[in-house]
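For reference, the chains in residue letters:
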Amino acid sequence: MVLSARTKVAPMLVLGIETSCDETAAAIVSDEGERIRSNVVFSQLDEHRPFGGVVPEIAARAHLDRLDGLIEEALGEAGVGFGDLSAVAATGGPGLIGGVMVGVTAAKAIAYAWGLPFVAVNHLEGHALSPRLTEDVAFPYLLLLVSGGHCQLLAVEGPGRYVRFGTTIDDAAGEAFDKGAKLIGLGYPGGPAIERAAALGDAARIPLPRPLRGRPGCDFSFSGLKTALRQAASDLRIDGMLAEQDSADLAASLQAAIGDCLVDRTRHAILRFRAHYAEGSDLVVAGGVAANGALRGQLQSLAGEMGMRFVAPPMALCTDNGAMIAWAGLERLKLGFSDGLDFAPRPRWPLDPTAPAAIGAGVKA
Amino acid sequence: MEDLLKVLAFDTSGAGCSAAVLVEGRLLAHRAEILGRGHAERIMPMIREVMEEAGVEPRSLDLLGVTTGPGAFTGLRIGLAAARGLALAIGAPALGITSFDALATEVPEEARSGRLLVVAIDSKRDAPFLAVYGKKGEMTGTASPVMPADWEIWLPEGPLLLVGDAAARLAQALPGRDILVAPPRLPDAAAVARLAEAAFRRGERPAARPLYLRAPDTTLSRSQP
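Sequence lines, in order, name chains A and B. Last residue of the first sequence: 365 (the numbering used here), numbering continuous. Last residue of the second sequence: 590 (the numbering used here), numbering continuous.
Keep in mind that the hints were calculated from the coordinates and are not lab data.
Residues from chain B that face chain A, not an exhaustive set, calculated with beta carbons under 10 Å:
| id | residue |
| --- | --- |
| 1 | R407 |
| 2 | A447 |
| 3 | L451 |
| 4 | I455 |
C-beta: ideal position from N, C-alpha, C; glycine also.
This is chain A alone, in the form it adopts within the complex:
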């Protein structure tokens, strides 16, 4: 058979499923025209709020309850049927394994029923490639991945090809926000709560440490910051209560300290990226913490100062979603990668398997 230049190749359509933390999500993404055909997210915030954090068993139960309905909704909104799909992608890890298993198993079942390839996507790769979903970002680029579960600086050379420059050695940045908000009594989730309170506070009032700032390398540490914040908060409490202004000042000081740490370590990573790669001048920030406007501003100025282009996905694509999983699946599929029905969900799945594990960070690095 001779393929003429006019042979029309149908656009690829991939269903993406995300169930690794506390968002149940499904999306349809294409490589042509409008890329995001649908992107449906059910946030389990209300289910977890009474517990002040994500409860794995509650998350897993909610994923199973909601997932099939969300997939149906994603297909409906995109106006496509299973028969139009090129593949089914699902987060295969890292994350809360009970939820990952629900998403992976549903994805395998759909792929099997329609004879489609199944693609297991590394959740972190979903975030890492998400800027390419909405903008023209070429490899290689420098990525700051900041979420509730991760805090890493990586050179992204292509799908499946990452060089880790640095990672948190204890808490993730998003964890510092969540734990900080809990200490100040601002509730859950901590990121948006801190950002709101910080807008009314004085960031210079409470002296908090900037762990590892000025030290060589690109690693992060946030657990000492949490300890200092706890001390500062207890010094300000009267009869166990914090005044509203004190809460705001604590929040602003915490946000500034986290921001300064991120900027300092990212500056080192930019220098290192330049030294390693002749091409590439994009600094990409992704992950839930990238939704924080103040931090975005700080990183944007850093990028400008260092001659890098600053790229951040739209807010809705920073937090967990199915579109980024579908997109990463699509990119992998184009390179010929897919997975068997015997794929085993991976609670720990580093992007750069050659980088040493940071013991204090558990599955986070």
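With chain A fixed as given, assemble chain B onto it according to the hints.
Coordinates of chain B only, in the frame set by chain A:
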């Protein structure tokens, strides 16, 4: 094979992993393995194996059957996610069968010889899940997790026949009672397939929703208002 009722059923609710294809009441393919763990890796390949052996195309299935528990939470969810994913993809209903019914249905009438049937399922905690079946093979009362101290009070009087993977534990703990322990220990896909088909033919559509019988282990946040 066009007009025949084609059923695929599977179980991942406990230590076992099984899948079966039933066509018009005939068991055409069946696999059962003791896994302990690893259901997420094994179940879909096992489903493909029995489907190929039975010569049934996935989208020609009329019905899916799956165990709803009680059982290991993670395993239950794997089976239910597969069933609901398949049901959505092929447009056929997925019917949920309890582990109690799947175990009870496999005890032949003659084996009971006048005894009341008690299904006892391990919960990985002190309290196994118990359910009593009356003479007509129907569950009587409410299935519950029961602490060892309450077994004596909870169990009905008279001679009993116990099945399930916690049956031996109960029998050992109650030497004064007239208790016989019989197979099966674990739910099996073939039984689930038969029960799903029977329910379907009766016009019943029991939902493929998990029967956890136990709330998640959690503590409320102290710093919440």
